[in-house]
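Going line by line, the protein sequences match chains A and B. In case it helps, the numbering used here puts the first sequence at residues 751 to 854. In case it helps, the numbering used here puts the second sequence at residues 10 to 218.
No wet-lab data here; the hints were simulated from the structure. All of these numbers come straight from a predicted model, not from anything done at the bench. Here a beta-carbon is modelled for each residue, glycine too, at the ideal position from N, C-alpha and C. You may find that some hints are simply not true.
To be verified - To be clear about the criterion: a stretch of chain B counts as covered by chain A if any three or more of its residues have a C-beta under 8 Å from a C-beta of chain A, and this derived list gives those stretches:
#1 44 to 50
#2 78 to 92
#3 203 to 213
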Amino acid sequence: MSAHASEAHAGGSRLYLWVWGWLLGFTAVEVYLAYIHLAPTLMLTLLMGLSVVKAALIIAYFMHLRFERLSLFLTLWPAAVFCILLILIFFFPDSVRLRELRPF
Amino acid sequence: MADAHTEAVLESRWSGGVAPYAMGSKKLGMWLFIVSDSLTFSVLLLAYSYLRLATPNWPRPFPFSPAIIYATVMTFFLLSSSLTMVMAVANAHRGNHRKTVFWLMGTMLGGIGFIGLHMREWFHLFHEGVYPWTNPYGVPLFGGTFFGLTGMHMLHVSIGVIYLGIIAFGFGTRKFSSEDVEVSGLYWHFVDLVWMFIFPLVYLMSVKF
Numbered sequence: 751m752s753a754h755a756s757e758a759h760a761g762g763s764r765l766y767l768w769v770w771g772w773l774l775g776f777t778a779v780e781v782y783l784a785y786i787h788l789a790p791t792l793m794l795t796l797l798m799g800l801s802v803v804k805a806a807l808i809i810a811y812f813m814h815l816r817f818e819r820l821s822l823f824l825t826l827w828p829a830a831v832f833c834i835l836l837i838l839i840f841f842f843p844d845s846v847r848l849r850e851l852r853p854f
Numbered sequence: 010m011a012d013a014h015t016e017a018v019l020e021s022r023w024s025g026g027v028a029p030y031a032m033g034s035k036k037l038g039m040w041l042f043i044v045s046d047s048l049t050f051s052v053l054l055l056a057y058s059y060l061r062l063a064t065p066n067w068p069r070p071f072p073f074s075p076a077i078i079y080a081t082v083m084t085f086f087l088l089s090s091s092l093t094m095v096m097a098v099a100n101a102h103r104g105n106h107r108k109t110v111f112w113l114m115g116t117m118l119g120g121i122g123f124i125g126l127h128m129r130e131w132f133h134l135f136h137e138g139v140y141p142w143t144n145p146y147g148v149p150l151f152g153g154t155f156f157g158l159t160g161m162h163m164l165h166v167s168i169g170v171i172y173l174g175i176i177a178f179g180f181g182t183r184k185f186s187s188e189d190v191e192v193s194g195l196y197w198h199f200v201d202l203v204w205m206f207i208f209p210l211v212y213l214m215s216v217k218f
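Based on the provided sequences and hints, a complete structural model is requested.
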C-alpha cells in the first residue's frame, strides 16, 4: 500500500477503463429496471444496492482509496456511514407513520 | 513537481507521527471536505425521500422518453468525465503537462455537457409550470426538494468546472504540482459519486407510468 503512487499508475489506464465499463453497465441495469416498472420497494432496494456498489467502485479506484493507507479509510468512512445510518434509523420510520396517520 | 515539504511528508513512512496517512495536507484536507459534503448531500437526499414517503400523492413527472433518457445521457457524461479525470491525474504524475491539460479540458467538457442538459431539463419543467415554490401537481414540496437537491449538485459541478479550469491553467503554466491535479480529481469524482445516488432516487424512482 505504501508504494501507491508508482504501483497504481503503472498499469492504470486499462483498470480505469474496466471500472468505467462496469459503472456504465450498472447504470444500464438501473435504467432497465426503471423501464420494466418493478414494485417500488423491490425497485428501491435494487437501485440502492447498485448505487452503493457504484459508489464503492468510484471511491476505491477513481478516488484511489484502495491504494491509500487503510488508516485513511478507517478515519473517514465508518464514522460517515454511521452518521447516515443514525439519521435513517431515528428519523425515517416517522415518514411512514405520517402517511399512515393521514385521514384520507 | 511536488514541493520539498510534500516530498518530506510522503517519505516519512513509519506508522503514525508526522504523517499517519502518508499524504500531503491538501489531499487529506480534500478528503475531509468530501466526507463532510457527503453528509450534506445525504441529508438532502434523506429529506427528499422522507417527504416523498410522507406525501401520498407525490408526483412522478419524468416520462421514460425523453426525461429518463436525457438523465441517462447526463449520467454518461459525468461517468466519462471521471474517466478523463483519472487520465489527467495519471498523466500529471508522469509529468506530461500537455496531455494533462488535454484530459482536464475533456473533463470540463463533460461537466459543461452535463450542466447544459440539466439546464435544458430545468427550463422544460419551468415551461410546464414546475417551479421551486409551486407546481401543477399540487405538491409544492416536490419543487422545493427537487430543485434544492439538483441545484446543489449542479452548483458543485459548476464550481468543479471552474476549479478544473484553474488547475488546468496552473498546471499548464507549471505553477501547480501533480498533487494539485490529484486533489481536484478527488473533488470531481465525488461530484460524480453524488449523482450516482440522485439519478436513481430522484429520476428512476419517479418514472411516469
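Notebook entry, point to check: For which of the previously enumerated hints does the structure constitute a violation, in increasing order of number?
Noted result: none
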